[in-house]
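Colleague: Protein chains in written order, with our numbering: chain A, 1 to 119; chain B, 1 to 436.
Any given hint could turn out to be false.
Said to hold, decoys possible - Taking lysine-lysine pairs in the DSBU-like style, the calculated list, with each CA pair at most 35 Å apart, reads: (1) A:27 to A:2; (2) A:2 to A:96; (3) A:57 to B:214; (4) A:17 to B:291; (5) A:57 to B:342; (6) A:27 to A:57; (7) B:342 to B:214; (8) B:342 to A:17; (9) A:96 to B:214; (10) A:2 to A:57; (11) B:214 to A:27; (12) A:17 to A:27; (13) B:342 to A:27; (14) B:342 to B:291; (15) A:2 to A:17; (16) B:214 to B:291; (17) A:57 to A:96; (18) B:214 to A:17; (19) A:27 to B:291; (20) A:96 to A:27; (21) A:57 to A:17; (22) A:96 to A:17; (23) A:57 to B:291.
Claimed, not checked - Simulated DEER-style distance windows between Cβ atoms: (24) A:42 to B:264: 54 to 62 Å; (25) A:14 to B:336: 18 to 26 Å; (26) A:113 to B:431: 31 to 39 Å; (27) A:60 to B:245: 41 to 49 Å.
Said to hold, decoys possible - Partial pick of chain A residues on the chain B-facing surface, computed with a CB cut under 7 Å: (28) 10; (29) 11; (30) 13; (31) 32; (32) 44; (33) 45; (34) 46.
The set of hints was computed from the structure by calculation and includes no laboratory data.
Computed from a predicted model, the values in this text were never measured in an experiment.
Idealized CB from N, CA, C, for every residue including glycine.
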Amino acid sequence: MKLIIAYIAPEALNPVKQALLRADVTKMSVTNALGCGAERGYREMYRGAEVEIDLLKKVRLEIAVNDGFVEPTVNAILEHARTDGPDQSGDTGDGKIFILQLEDCVRIRTGMRGPHAIG
Amino acid sequence: MQDQAAPEATAAAAPLADRVGDLELLANNLWILIAAALVFVMHLGFAALESGLTQAKNTTNILFKNTAIVAIGLLTYAFVGFNLMYPGAWSVEGWLAAISTDLFWIDDSLDDFDASYNPAYSYWSDFIFQAMFAATAATIVSGAVAERIRLGPFLVFSAVYVAVVYPLCGSWKWGGGWLEDRGFHDFAGSTLVHSVGGWGALAGAIMLGPRLGKYLRRNDGTAVTRPIMGHSMPFAAVGVFLLWFGWFGFNGGSVLSADPATVSFVFVTTTLAAAAGAIAAMATSWIVQSKPDLTMMLNGVLAGLVGITAGADTVSVSSAVLIGAIAGAIVVLSVVAFERLKIDDPVGAISVHLVCGIWGTLAVGIFSTDPDHSFVEQLIGVVSIGALCVPASFALFAALRYTVGIRVSREEELRGLDIGEHGMEAYAGFQFFTSS
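Here chain A stands alone, though its shape is the one from the complex (with noise of 0.2 Å):
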């Protein structure tokens, strides 16, 4: 069992949706999230001022696995995540997949453990 977590951009949330559905993976929990990496922030004015931002508006998708759903979802993701950046192959920003190993899962509804409970 493995954990995928992705964080894309807010876009790129409905189209990656649909991708992980025809993939068969239902499965997932999304949160806003706020984060710095290689994409540069911008700046706001107020009042004359200027505002730094940079921390940027980011998704963050959490999806737990069985291993042999590990490949179908980060392709997924990846497929539809990826922009078409200045060279057709994505522009920074477009986010990271991180997989962990997952130690158990528990479905609380039956008590049920393991990859069967994740299923």
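Let chain A serve as the given structure and place chain B on it in line with the hints.
Modeller: Then chain B, alone, in the frame of chain A:
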């Protein structure tokens, strides 16, 4: 108190006709001024409604546009609009005001401060009331082009539209032009204000194209419309109530006097039409969408108001209710129809102001109690105003689009026009979930 009895007695000795005349002028003039202030409040209504029905990331931009339009509308109307709309002389009789230096800037003096200008109001009351109307026409466009239009080109469009196109249309009827001569009836502007703004809104929405992520294709090629939800229903509701409130001035003031019979009658037709519009829109959306939709009911209030605006003084109360109810049903179906046509109008401005404006104008030809009003003349009015506004607004938007561009970049649209156009968020310190 006793001391003041003497002058009163003197005044009583003055000819009665003079005193009654003065009181009439006082009441009439004061009512026009109050009505002007009520129409002014409508701009806050528009600002709130448009903010509420759009996304949080574009709120600063919406408020900015609505503030700028009021200012631009009032100044351009003083500069050229008022004289273009109410010409002293024509260069083409009934069609176009005389082009001369007299066209520019309103009267600077205090001379027209008595009943010599008009028995019911002063020159200044006339100007300020009409100026508030002018700004309304431009504000209508703002909602339909929201969330994707560049600020600068939009302000240029609004300035030209409110300075030239709106007064030109108005002169044909209210300025004593050829539509007035033919017997076209548009009491407070279903066509002359709302359709004029509505045509501009339609042109803008078409020339800009839909917002990103609004009309999508599934993998199997079928089209799907994804609603982009407004971020504040409380704002939208406050906006509609302010518009309803302001409409007492919009229609009530259009009597152009404080005539007790007509003003009170217009209050009744106006507000009952709004109520009927709300209920009809509620019922229609409940049936068509299977749930009663608040935003549709709010649109229904405005639809009823726009619908009754052309005939508020000339249809019976029961006809007013019927006109409002039909407008409320039309607006829901029209919103759905424009979605099918992939014309993206975030606030339903085209349906409310253009479609219901046309309906209200034609309804005068059907329901009017005045035998001089005819359906054909009403239709001629609708078509001729459209024939001016459609080419004018398309040409303006096209000129801007192919020179400076009218649409913001994809990146800016995604991040929001608040940051892109203004570098300032509307809700600093709040985190909104934005995934489109």
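Colleague: Each hint should be assessed against the structure and marked as holding or not.
Modeller: Results for each hint:
Restraint check: the Cα-Cα separation between residue 27 of chain A and residue 2 of chain A comes to about 13 Å, which is no more than 35 Å; the hinted pair holds. A C-alpha spacing of about 16 Å is found between residue 2 of chain A and residue 96 of chain A, which places the hinted pair at or below 35 Å, so the restraint holds. Between residue 57 of chain A and residue 214 of chain B the CA atoms are separated by roughly 21 Å; this keeps the pair inside 35 Å, and the hint holds. About 27 Å separates the Cα atoms of residue 17 of chain A and residue 291 of chain B, which keeps this hinted pair within 35 Å; it holds.
Taking the CA atoms of residue 57 of chain A and residue 342 of chain B, the gap is about 29 Å. The hint holds against a cut of 35 Å. For a cut-off of 35 Å, the pair hint linking residue 27 of chain A to residue 57 of chain A stands: about 23 Å separates their Cα positions. A hinted pair counts as satisfied when its Cα atoms are at most 35 Å apart, and residue 342 of chain B with residue 214 of chain B qualifies at roughly 9 Å. With a CA separation close to 24 Å, the supplied pair residue 342 of chain B and residue 17 of chain A stays within the 35 Å bound.
For a cut-off of 35 Å, the pair hint linking residue 96 of chain A to residue 214 of chain B stands: about 27 Å separates their Cα positions. The suggested pairing of residue 2 of chain A with residue 57 of chain A holds, with an alpha-carbon distance near 26 Å, which does not exceed 35 Å. Under the criterion of a C-alpha separation no larger than 35 Å, the hint pairing residue 214 of chain B with residue 27 of chain A is consistent with the structure, at around 25 Å. Under the criterion of a C-alpha separation no larger than 35 Å, the hint pairing residue 17 of chain A with residue 27 of chain A is consistent with the structure, at around 10 Å.
Between residue 342 of chain B and residue 27 of chain A, the direct Cα distance comes to roughly 32 Å. Compliance with the 35 Å bound is thereby established for this hinted pair. For the given pair, residue 342 of chain B sits about 23 Å from residue 291 of chain B by alpha-carbon distance, which is consistent with the 35 Å threshold. Restraint check for residue 2 of chain A and residue 17 of chain A: satisfied, since their Cα atoms lie roughly 18 Å apart, inside the 35 Å limit. With a C-alpha separation of about 21 Å, the suggested pair residue 214 of chain B and residue 291 of chain B falls inside the 35 Å cut-off, and the hint holds.
Of the pairs offered as hints, the one joining residue 57 of chain A and residue 96 of chain A holds, with about 14 Å between alpha carbons and a cut-off of 35 Å not exceeded. At roughly 17 Å between alpha-carbon atoms, residue 214 of chain B and residue 17 of chain A fall within 35 Å of each other, so this suggested pair holds. In summary, the hint linking residue 27 of chain A to residue 291 of chain B is supported, as the alpha carbons are separated by about 28 Å, within the 35 Å threshold. Restraint check for residue 96 of chain A and residue 27 of chain A: the C-alpha separation of about 19 Å stays at or below 35 Å, so the hint holds.
Only pairs whose Cα atoms come within 35 Å are accepted, and residue 57 of chain A paired with residue 17 of chain A is accepted, the gap being roughly 18 Å. For the given pair, residue 96 of chain A sits about 16 Å from residue 17 of chain A by alpha-carbon distance, which is consistent with the 35 Å threshold. With a CA separation close to 33 Å, the supplied pair residue 57 of chain A and residue 291 of chain B stays within the 35 Å bound. At about 56 Å, the beta-carbon gap between residue 42 of chain A and residue 264 of chain B stays in the expected band of 54 to 62 Å.
As the Cβ distance of residue 14 of chain A to residue 336 of chain B is approximately 23 Å, the hint placing it in 18 to 26 Å holds. Against the hinted window of 31 to 39 Å, the Cβ-Cβ separation of residue 113 of chain A and residue 431 of chain B comes to about 35 Å, which satisfies the hint. In this structure the supplied range 41 to 49 Å holds for residue 60 of chain A paired with residue 245 of chain B, their Cβ-Cβ distance being about 44 Å. Annotation: residue 10 of chain A was flagged as interfacial toward chain B, and the flag holds, the nearest CB pair being 5 Å apart, inside 7 Å.
About 5 Å separates the beta-carbon of residue 11 of chain A from the nearest beta-carbon of chain B, less than 7 Å, and the hint is met. Nearest Cβ of chain B to the Cβ of residue 13 of chain A: about 4 Å, under the 7 Å cut. The hint holds. Checking residue 32 of chain A against chain B: minimum C-beta separation of about 5 Å stays under 7 Å; hint holds. About 4 Å separates the beta-carbon of residue 44 of chain A from the nearest beta-carbon of chain B, less than 7 Å, and the hint is met.
Because the closest C-beta pair between residue 45 of chain A and chain B is about 4 Å apart, less than 7 Å, the hint holds. Contact between residue 46 of chain A and chain B, as hinted, is supported at the beta carbon level, the nearest pair being about 6 Å apart and thus within 7 Å.
Comparing the model with each numbered hint stated earlier shows that all of them hold.
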